[in-house]
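From just these sequences and the hints, can you work out the full model?
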Amino acid sequence: MWRSVQVGHAAANCVYIAGVNRVGKEGAINFWGGSFVSDPSAKIVVKGDNKEGVFIAECDFSRVVPLQKSWRFLENRRPETYDLLTKKLS
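If you use our numbering, the sequence shown corresponds to residues 40 to 129, in order.
Hints were generated in silico from the structure; no laboratory data involved. Incorrect hints may appear among the rest.
[Unchecked claim] With beta-carbon atoms standing in for the labels, derived distance ranges: (1) L124 - M40: 19 to 27 Å; (2) V93 - N69: 16 to 24 Å; (3) W41 - R111: 23 to 31 Å; (4) D122 - K82: 28 to 36 Å; (5) W71 - V103: 23 to 31 Å; (6) S43 - R116: 40 to 48 Å; (7) E65 - R116: 21 to 29 Å.
Just so it is clear, CB atoms sit at the ideal spot from N, CA and C, and this is done for glycine as well.
So, in structure tokens, the structure goes:
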């Protein structure tokens with residue numbers, strides 16, 4: 040689910056996302072790795088496994104603004120509608 044949520048954020052915001060997760064065991068917690076980079080159209084560009092490693096992803100940032108303009112997710116936000124939720128209560 041962790042990967043799906045991050046990829047969804049990449050698509051909804053039309054941006055590249057680097058999801059980083061460590062590997063190994065720390066106390067009672069097992070870290071399963073699976074780091075990845077997703078492009079603005081939700082395609083996984085590079086994905087790690089359950090071993091330590093360094094991954095390089097080629098990101099074409101010239102795709103970001105045209106995708107944002109065509110999908111208009113960011114343009115259609117209405118932050119003023121939730122302004123009261125973000126103000127500090129006195």
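Hints not upheld, ascending by number: 6 and 7
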